[in-house]
Every structure is written in structure tokens, then in C-alpha cells.
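Heads up: the protein sequence lines correspond to chains Y and W, in order.
Just so we're aligned, residue 1 is where the first sequence starts under my numbering, counting upward by one.
Just so we're aligned, residue 1 is where the second sequence starts under my numbering, counting upward by one.
By construction, these hints were calculated from the structure, which means they are not laboratory data.
There may be inaccurate statements among the hints.
Because identical chains share one entry, a pair is satisfied inside a single copy or across any pair of copies.
[Stated by the list, open to error] Result set (DSS-like, lysine-lysine): computed pairs, CA atoms no more than 30 Å apart in a straight line: (1) K154 - K448; (2) K413 - K116; (3) K380 - K434; (4) K434 - K129; (5) K421 - K109; (6) K448 - K380; (7) K380 - K421; (8) K287 - K448; (9) K421 - K448; (10) K154 - K116; (11) K296 - K104; (12) K287 - K421; (13) K109 - K129; (14) K380 - K154; (15) K154 - K413.
What follows is each chain in one-letter form.
Number of protein chains: 2
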Amino acid sequence: MLERFLGPRRVRQIHRAARNGTVTFLCLFLTVVVLRGTIGAGKFGTPEQDFNELRDHLYSRGRRVEPHRVLEEAQPETESDNQSNNYATFDITKILRDDEPEEKPDPSKPYSLGPKISDWDEQRSEWLKNNPQFPNFIGPNKPRVLLVTGSSPKPCENPVGDHYLLKAIKNKIDYCRLHGIEVFYNMALLDAEMAGFWAKLPLIRKLLLSHPEIEFLWWMDSDAMFTDMAFEVPWERYKDHNFVLHGWNEMVYDQKNWIGLNTGSFLLRNSQWALDILDAWAPMGPKGKVRDEAGKILTRELKDRPVFEADDQSAMVYLLAKEREKWGSKVYLESAYYLHGYWGILVDRYEEMMENYHPGLGDHRWPLVTHFVGCKPCGKFGDYPVERCLRQMDRAYNFGDNQILQMYGFEHKNLGSRRVKRVRNETSNPLEVKDELGLLHPAFKAVKVSTSS
Amino acid sequence: MLERFLGPRRVRQIHRAARNGTVTFLCLFLTVVVLRGTIGAGKFGTPEQDFNELRDHLYSRGRRVEPHRVLEEAQPETESDNQSNNYATFDITKILRDDEPEEKPDPSKPYSLGPKISDWDEQRSEWLKNNPQFPNFIGPNKPRVLLVTGSSPKPCENPVGDHYLLKAIKNKIDYCRLHGIEVFYNMALLDAEMAGFWAKLPLIRKLLLSHPEIEFLWWMDSDAMFTDMAFEVPWERYKDHNFVLHGWNEMVYDQKNWIGLNTGSFLLRNSQWALDILDAWAPMGPKGKVRDEAGKILTRELKDRPVFEADDQSAMVYLLAKEREKWGSKVYLESAYYLHGYWGILVDRYEEMMENYHPGLGDHRWPLVTHFVGCKPCGKFGDYPVERCLRQMDRAYNFGDNQILQMYGFEHKNLGSRRVKRVRNETSNPLEVKDELGLLHPAFKAVKVSTSS
Numbered sequence: 001m002l003e004r005f006l007g008p009r010r011v012r013q014i015h016r017a018a019r020n021g022t023v024t025f026l027c028l029f030l031t032v033v034v035l036r037g038t039i040g041a042g043k044f045g046t047p048e049q050d051f052n053e054l055r056d057h058l059y060s061r062g063r064r065v066e067p068h069r070v071l072e073e074a075q076p077e078t079e080s081d082n083q084s085n086n087y088a089t090f091d092i093t094k095i096l097r098d099d100e101p102e103e104k105p106d107p108s109k110p111y112s113l114g115p116k117i118s119d120w121d122e123q124r125s126e127w128l129k130n131n132p133q134f135p136n137f138i139g140p141n142k143p144r145v146l147l148v149t150g151s152s153p154k155p156c157e158n159p160v161g162d163h164y165l166l167k168a169i170k171n172k173i174d175y176c177r178l179h180g181i182e183v184f185y186n187m188a189l190l191d192a193e194m195a196g197f198w199a200k201l202p203l204i205r206k207l208l209l210s211h212p213e214i215e216f217l218w219w220m221d222s223d224a225m226f227t228d229m230a231f232e233v234p235w236e237r238y239k240d241h242n243f244v245l246h247g248w249n250e251m252v253y254d255q256k257n258w259i260g261l262n263t264g265s266f267l268l269r270n271s272q273w274a275l276d277i278l279d280a281w282a283p284m285g286p287k288g289k290v291r292d293e294a295g296k297i298l299t300r301e302l303k304d305r306p307v308f309e310a311d312d313q314s315a316m317v318y319l320l321a322k323e324r325e326k327w328g329s330k331v332y333l334e335s336a337y338y339l340h341g342y343w344g345i346l347v348d349r350y351e352e353m354m355e356n357y358h359p360g361l362g363d364h365r366w367p368l369v370t371h372f373v374g375c376k377p378c379g380k381f382g383d384y385p386v387e388r389c390l391r392q393m394d395r396a397y398n399f400g401d402n403q404i405l406q407m408y409g410f411e412h413k414n415l416g417s418r419r420v421k422r423v424r425n426e427t428s429n430p431l432e433v434k435d436e437l438g439l440l441h442p443a444f445k446a447v448k449v450s451t452s453s
Numbered sequence: 001m002l003e004r005f006l007g008p009r010r011v012r013q014i015h016r017a018a019r020n021g022t023v024t025f026l027c028l029f030l031t032v033v034v035l036r037g038t039i040g041a042g043k044f045g046t047p048e049q050d051f052n053e054l055r056d057h058l059y060s061r062g063r064r065v066e067p068h069r070v071l072e073e074a075q076p077e078t079e080s081d082n083q084s085n086n087y088a089t090f091d092i093t094k095i096l097r098d099d100e101p102e103e104k105p106d107p108s109k110p111y112s113l114g115p116k117i118s119d120w121d122e123q124r125s126e127w128l129k130n131n132p133q134f135p136n137f138i139g140p141n142k143p144r145v146l147l148v149t150g151s152s153p154k155p156c157e158n159p160v161g162d163h164y165l166l167k168a169i170k171n172k173i174d175y176c177r178l179h180g181i182e183v184f185y186n187m188a189l190l191d192a193e194m195a196g197f198w199a200k201l202p203l204i205r206k207l208l209l210s211h212p213e214i215e216f217l218w219w220m221d222s223d224a225m226f227t228d229m230a231f232e233v234p235w236e237r238y239k240d241h242n243f244v245l246h247g248w249n250e251m252v253y254d255q256k257n258w259i260g261l262n263t264g265s266f267l268l269r270n271s272q273w274a275l276d277i278l279d280a281w282a283p284m285g286p287k288g289k290v291r292d293e294a295g296k297i298l299t300r301e302l303k304d305r306p307v308f309e310a311d312d313q314s315a316m317v318y319l320l321a322k323e324r325e326k327w328g329s330k331v332y333l334e335s336a337y338y339l340h341g342y343w344g345i346l347v348d349r350y351e352e353m354m355e356n357y358h359p360g361l362g363d364h365r366w367p368l369v370t371h372f373v374g375c376k377p378c379g380k381f382g383d384y385p386v387e388r389c390l391r392q393m394d395r396a397y398n399f400g401d402n403q404i405l406q407m408y409g410f411e412h413k414n415l416g417s418r419r420v421k422r423v424r425n426e427t428s429n430p431l432e433v434k435d436e437l438g439l440l441h442p443a444f445k446a447v448k449v450s451t452s453s
């Protein structure tokens with residue numbers, strides 16, 4: 001998420017106070033939950049609702065705040081030697097400072113993502129008809145998908161942050177290459193009013209309208225990684241839906257829980273409906289007074305939401321809960337697999353997964369996506385201990401990377417190691433080798449073969 | 001380049017000594033060259049040979065050395081608070097240290113990239129026949145291409161290095177998305193003996209053999225960026241060739257100049273011939289005595305080569321010059337456009353290019369690739385002043401990025417700025433808008449449309 005554009009955090013005190021009082025409660029609750037979990041194992045999918053509720057309870061204690069300053073405000077370092085070849089003493093702020101002031105938006109005009117369009121479905125289908133060389137379906141049951149992600153154009157405040165952004169994009173490139181999905185990595189702030197997590201809205205609208213050939217746009221946060229390289233999204237399941245997010249109906253519509261769904265990884269169908277929901281979503285986003293005031297409304301209206309400015313996720317929970325009849329039938333809250341998987345309940349189980357399961361399941365047995373919410377490796381301060389976050393991000397990366405490496409006969413020495421070892425010898429008949437997961441030439445990547453010449 | 005795996009540098013003294021004595025010589029030479037350049041402007045293409053020779057002369061003064069230590073050898077920092085959420089005080093070396101010693105190769109066995117294969121063309125064409133859903137041509141005159149690049153799995157020694165790797169991969173993702181090319185980002189060292197620039201050889205061989213559907217593999221260094229988003233490689237030109245590199249016949253075959261060609265960006269056709277040349281190329285690579293001794297041979301045999309261990313580029317010049325009759329007919333040394341463009345002679349002219357030319361030319365007027373040889377932003381020490389390198393890398397990135405942004409109605413405020421400004425208003429009829437460069441739906445990305453239903 002582009003949290004680095006946001007203002008100061010507000011909930012650290014709440015966080016600490018709540019943590020103490022929570023411990024006792026947690027022990028009791030955990031006992032009950034484990035008993036229930038053992039007795040009623042339930043079907044495969046994402047874990048039972050109450051177990052998640054426990055995690056969510058922990059998670060909700062101020063875990064989504066963005067406290068850090070942007071780079072321009074950092075104290076400039078001492079003057080370095082302009083002729084120096086030495087990067088270690090080089091003051092990067094000297095090059096990167098952008099001194100022009102931003103233009104101020106007109107406060108009297110309500111925010112708009114762009115001119116209202118009411119006939120996008122018609123415009124789009126006309127275009128598709130006239131441009132058969134850019135089809136919106138690239139295979140049987142295979143829509144053209146664009147995966148969109150991004151990060152700030154500035155170097156991370158934290159020196160290793162960019163390294164983790166690099167690994168995360170390599171991870172996404174790998175998954176997308178296997179699955180015939182294109183990638184768009186954004187590093188431009190298109191609308192200064194919609195900075196931070198809200199920056200995805202103008203970007204998404206722009207891409208949908210520029211690329212009518214895209215059937216689904218898949219937004220994915222920079223702190224989310226693919227951990228199941230073999231799992232193909234069940235596109236057919238969503239043929240009557242336009243918006244797919246990980247979440248639970250009860251937690252959104254009944255509880256209005258601010259983490260009843262997650263906007264860190266979602267699918268949006270290129271459609272009039274998408275333009276409409278983007279327009280309905282955007283009003284809480286403009287930074288400053290609008291976003292601050294909207295934040296207060298969201299904290300008041302949603303369950304467990306801490307105090308901070310409006311974020312896109314809370315705003316979507318609020319929108320769906322308030323206008324269910326308008327949007328609900330086209331929104332699929334998916335919990336059968338981890339379109340978004342909260343890292344806290346996954347990362348310690350990777351070895352157990354490798355022992356008992358296999359890629360292709362996408363769910364709690366082998367999560368499609370592990371999402372490092374709250375870690376914020378790019379910023380100066382995360383919501384979790386740094387060592388825990390980085391170590392687990394390395395493990396998640398290696399867990400996913402192993403599935404790529406095994407195609408080529410290698411794997412990481414262990415989940416904590418950068419180094420790889422050979423697990424399959426070279427051969428003079430490489431085409432007789434089948435990689436275990438069948439990822440070298442997977443069905444979901446095959447092109448349509450015309451049956452007539 | 002994966003220079004970070006290499007040993008200590010050797011030529012800094014040569015560099016400084018030579019620099020002094022060179023100045024006078026340069027002034028005289030420059031006068032002569034400018035006169036010749038003005039009188040004989042020549043055809044469009046990459047600049048005249050002698051002008052390049054001057055640049056090369058400068059370039060060759062020890063500009064390809066890798067002096068820095070790897071991360072494990074860094075002094076460990078003081079013990080940081082394990083519970084700290086503060087990235088600034090966190091000691092990354094504690095997580096990333098990989099303490100297992102590498103296995104030592106058997107010194108009595110000559111190095112081999114893998115078991116000899118002699119019938120790859122037959123194996124491959126059989127596979128392609130049996131797998132029409134994975135064709136090696138994805139459009140008329142459009143081979144399936146895999147662009148391969150990569151960097152070390154370790155964080156850069158220099159804090160901003162990873163940020164530049166991130167921008168460079170975004171840049172490649174953009175070009176490749178427009179041109180229907182897939183990307184493979186490598187962060188695994190497959191063979192410890194072939195570390196550093198040689199790491200690409202085992203990787204390339206592995207990818208060719210695993211993916212018979214790939215027609216061309218395009219290797220591109222991590223410090224090279226696309227600066228012409230509209231230029232499509234003239235694939236037809238190479239129908240009778242298997243290896244395309246930027247370079248000049250005279251400088252390789254006649255002069256044996258170590259920079260007569262560049263291995264930072266090249267095309268290699270998936271073929272028996274490719275496996276053979278990889279096998280012929282590899283022997284100078286194994287690190288240690290072999291690579292050191294080979295380096296001495298290369299310095300002795302090639303023109304202007306400084307003293308350092310064998311590098312893949314020098315080795316290829318040597319191989320081609322020595323065995324021209326064996327390989328030469330299938331090698332295309334391309335100088336009509338910048339498949340590789342040395343940054344030093346390009347980056348100061350971007351504004352002039354924007355004033356006088358347009359994307360799609362690929363040559364000195366609008367270079368396809370700007371390659372930051374010698375900058376080494378990931379390491380501690382480059383061959384050029386740090387500020388010059390980083391500032392120019394930002395400009396090159398923005399120059400290329402503008403061509404992507406213009407598709408969506410934006411551009412960077414100036415070549416030195418991260419910030420973008422709108423240059424085309426939103427409209428309610430987005431499909432009537434044609435982006436100037438025609439990159440939204442370019443012909444080279446269209447799929448084959450079957451004429452029969």
C-alpha cells in the first residue's frame with residue numbers, strides 16, 4: 001500500500017493499552033476456540049469464522065497506521081564530495097528532492113475521478129467487436145487479466161524496503177508469467193488528492209478505460225506475495241459477478257467489521273458497474289479534511305475500527321453494508337481460498353504445509369496469497385517487530401520461489417536461505433523430464449489451437 | 001550484472017595514472033574527430049566508428065571492475081532490540097547471514113554446463129509438433145521471446161541500489177508488456193563456480209532447455225533500461241542468425257577490441273547452435289584459478305583490455321575472433337540501432353532527442369536501450385561519480401517512462417522529476433482517444449485472428 005503518502009498515526013497509545021488488557025481475554029478465548037476447532041474440523045477453506053475473529057481482534061488493535069515522514073522532510077545530510085564514486089557517503093536526498101509545490105485542488109468542487117461515463121459497456125463491446133485482435137478472452141474460460149500493483153517513486157526510508165519490493169515484484173512476475181496474466185507496476189501518483197492507499201482508484205479507472213481488452217483487473221498490494229504458484233483463479237465461478245474480494249458476508253453485512261473484507265488483493269471486471277462503484281467509493285478519499293472526517297464516520301460506523309483517517313478498505317465495507325441492495329449481488333466475498341491471506345496465521349505453518357499438502361489448493365493448506373499487512377518494510381516503523389516481518393517475508397518469498405525453482409531442478413536450501421541447491425540432475429533429454437507441478441507448460445497458459453487450417 | 005559475486009578489483013591505480021596522461025591526448029583526438037564528424041555526417045545508425053573509439057578509449061580505462069565485498073563479510077552491527085519495530089536500527093545482516101559453506105567443485109574435472117546434447121534441434125522440433133498449444137511463433141514474424149534479467153538475492157550494499165533495480169525491472173516489465181515478451185527475473189545462483197557475470201550462462205542454458213517454446217532468449221543486464229518503448233526488434237532481419245549482439249565486425253574480428261561487442265543485451269535463438277556456443281563460451285568462467293588465468297590471456301590477446309579476471313564479454317570477443325569461421329556466419333553484430341547503448345554518450349542528449357525526434361527509431365536519435373555500464377548502483381563503488389550515475393539513471397528511467405505515461409495522458413514534470421503532470425484531459429469517450437505513439441494497442445501485440453470460424 002502507498003501508506004508513505006499519509007499523515008501521522010494516531011493509535012499507538014491505544015495499541016499498547018489494549019495489548020495488556022487483552023492477554024487474559026485471549027488465553028480464555030483461545031482455549032474455547034481450540035476446543036471448538038478440534039471438535040468441528042469443518043470443510044476445507046479459510047479457517048472457521050471465530051478463529052479468524054480472534055486473529056482479527058488482535059489485528060484490529062491499531063495495526064493499520066502510517067506514522068512515518070516522507071523523505072523530503074528528512075534532515076539533509078552533510079555535504080558529500082560531488083566527485084565521489086563512493087555510494088556509502090552519498091546523500092541521496094540531494095538528487096531526489098522535488099522542490100516544486102503541488103497544485104492545490106479547488107475546495108469548492110466535489111471530488112471526481114473523471115467525467116461521468118454511462119455507456120461504458122456499450123463503448124467497450126463496440127470496441128471489442130471492431131478489434132478482434134485484442135480479445136478480452138484469451139482462452140476457453142480464460143479472461144484477459146491485468147495484475148496491477150505499485151509503490152512510491154521515492155526510495156524507501158528503510159534501506160531494505162526496496163529489496164523487499166524487488167522480491168515481491170519478481171514473485172508476482174513469476175506467478176503471472178505462469179498464468180498468462182500481464183503486469184502493470186505503477187510508480188506514478190496520478191492524483192495528489194488521492195495519495196496513499198486511495199491512489200489505486202484513479203489508477204484503476206484509468207487502466208480500465210484505456211484497455212477495454214482487459215476483462216478483469218487484479219489489484220494487488222506491494223506487500224502481498226504469491227505463495228501458491230499452481231493455483232488458477234476459478235474465473236467461471238465469477239461469471240455473474242464484477243468484484244471479487246477475500247472476505248465474509250457476515251462480517252461485512254452483519255457486523256460491519258472493518259476487516260470483513262480486504263482490498264489488498266481483489267478482482268474487478270471491466271464494466272460500467274466497475275466505474276460506478278469506483279465513483280461511489282472515491283468520495284472518502286481526498287486527503288485532508290474530507291479524509292479525516294470520513295475516518296471518524298468509519299470508526300463510528302464500523303466494528304473494531306481504530307481512529308485514523310479514512311482508508312479504502314473501511315470505506316468499501318461501509319459502502320457495501322450501507323448499499324447492499326445496490327451492489328451486493330455483483331460482489332463475491334470469497335473465503336474458499338486465500339485471494340488475500342493474512343500473514344500472521346500462515347507463515348509459521350509453511351513447513352507443515354510442505355509436509356502434508358501441495359501447491360494448487362490456494363487455501364489454508366497452501367495459500368494463494370500471503371499478505372504482509374502491517375509490516376511496512378518500506379517505511380521506518382511497522383506495526384510488528386521488524387525481525388519477525390523480514391524473516392517471515394523471506395520465508396514466504398522462498399516458499400513461493402521453491403515452486404518456480406523446482407521447474408528447473410532447484411530449491412532453496414531451507415525456507416530461511418537465499419541459497420539454492422540442485423534437486424534434479426541435468427539430463428541430455430530435458431524434454432522427457434516432467435516437473436512435478438506441471439508448471440513448465442501448464443494448461444492455463446496454453447493458447448487456443450484453431451481446429452481448422 | 002551480478003558483479004557482487006566477484007573478487008577484488010585490480011585497476012584503480014591504472015585508472016588514475018592513465019587519466020592524467022590521457023587528457024592531452026584526448027583534446028587533440030577530440031578536435032580531429034569533431035572535424036571528421038561534421039564533414040562526414042554519415043547515415044543514421046549508431047555513431048561513427050572513430051567517435052565510438054574515443055568513447056571506448058575512455059571507457060576502457062578500467063571501467064569494468066568489481067571492488068566491493070559481499071554482505072556476509074561486513075562487520076556485524078551492535079545487537080539491536082529484537083522486539084523493535086524500528087527498521088532504522090535493525091541489523092539486516094543478522095537475518096541474512098547464510099552460514100553454510102559452499103560445496104567445493106572437483107578441480108580435476110573440466111567445467112561443464114551440463115551433459116552434452118547433440119540433437120536439440122530434433123528434440124525441440126518434435127516437441128513443438130506435439131505441442132501446438134505452445135507455439136514458438138505467436139504472430140506473423142513474431143517469435144516467442146523470453147527476456148531474462150536478474151540480480152543478487154542479497155540486499156544491495158548501497159541503500160539506493162535496490163531502488164534502482166526496482167525501477168529497472170518496472171521499466172523492463174513495461175517494454176515487454178507492450179511487445180508481447182515474457183520476463184524472467186533471476187535471483188538464484190545456479191552454479192557457484194559461475195558467479196558474477198558468468199552466472200547468466202547456466203541460467204540461459206537451463207531456460208532454453210526447459211522452454212522449447214521459446215524461440216529467442218533476450219538477456220538484459222539489470223543496469224540496462226529501455227528508452228524506446230515503441231521500437232520493435234526487426235526479427236525478420238535475423239532469420240538466418242542465432243546470436244544478435246550490439247557491436248561492430250571490424251572491432252571484433254579485426255581489432256579484437258574487448259568492447260567490440262556488448263553482452264549486456266543480446267538475443268540468442270533456442271537451438272543446438274546456442275548450446276554449442278554456450279559450451280564454447282563457458283570454459284573461461286569458473287571462478288578462481290581458471291578465471292584469473294583466462295583473464296590474463298584476454299588482456300594479452302584483446303585490444304585495450306585492462307587487467308582483471310575473465311569476463312563473459314571479453315571471452316566472447318576472443319571466441320568469435322579466434323573461431324570466426326565456426327560461429328561467425330550465425331552471429332549478427334548489430335549497430336543499426338542500440339540493442340545496447342552506452343549511457344555516457346546518450347544521457348545528455350535526451351532533451352535534444354525529445355525536441356528533434358520521436359520514439360520508434362531505436363538508434364542514436366532515440367536509443368532502444370540505455371545501458372549504465374560501470375555505474376554499479378548496487379555496489380559500494382562504481383567507476384563513475386555516484387551523483388552523475390544516479391541522476392542520469394533517473395533521467396533515463398523518466399525518459400522511457402514518459403512514453404508509457406503518455407498512453408494515459410501524463411508525463412514527468414521534467415526528466416529529473418519523480419512527479420507526473422497531466423497532459424491530456426479525461427474524457428467520457430476514452431476509446432476515441434488515440435495515444436500519440438499508438439502504444440495502447442500496438443500491432444506488435446495483436447494476436448493472430450483466425451479467418452475461419
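We went through each hint and held it up to the structure:
1. K154 - K448: For K154 and K448, neither the intra-copy (42 Å) nor the inter-copy (40 Å) Cα distance is at most 30 Å.
2. K413 - K116: Cα proximity of K413 and K116: across copies only (27 Å, versus 54 Å in one copy).
3. K380 - K434: Intra 45 Å, inter 42 Å, cutoff 30 Å: neither.
4. K434 - K129: Between copies only: 18 Å across chains, 40 Å inside a chain, cut-off 30 Å.
5. K421 - K109: Answer is between; shortest inter-copy Cα gap is 20 Å, intra-copy 60 Å.
6. K448 - K380: neither (48 Å within a copy, 49 Å between copies)
7. K380 - K421: between (34 Å within a copy, 28 Å between copies)
8. K287 - K448: neither (46 Å within a copy, 46 Å between copies)
9. K421 - K448: neither (36 Å within a copy, 41 Å between copies)
10. K154 - K116: This pair counts as neither: shortest intra-copy Cα distance 32 Å, inter-copy 48 Å.
11. K296 - K104: within (24 Å within a copy, 62 Å between copies)
12. K287 - K421: This pair counts as between: shortest inter-copy Cα distance 18 Å, intra-copy 49 Å.
13. K109 - K129: Neither way: K109 and K129 sit 38 Å apart in one copy and 62 Å across, limit 30 Å.
14. K380 - K154: Both: 14 Å inside a copy, 20 Å across copies.
15. K154 - K413: between (34 Å within a copy, 15 Å between copies)
Of the numbered hints stated above, those contradicted by the structure are hints 1, 3, 6, 8, 9, 10 and 13, listed in ascending order.
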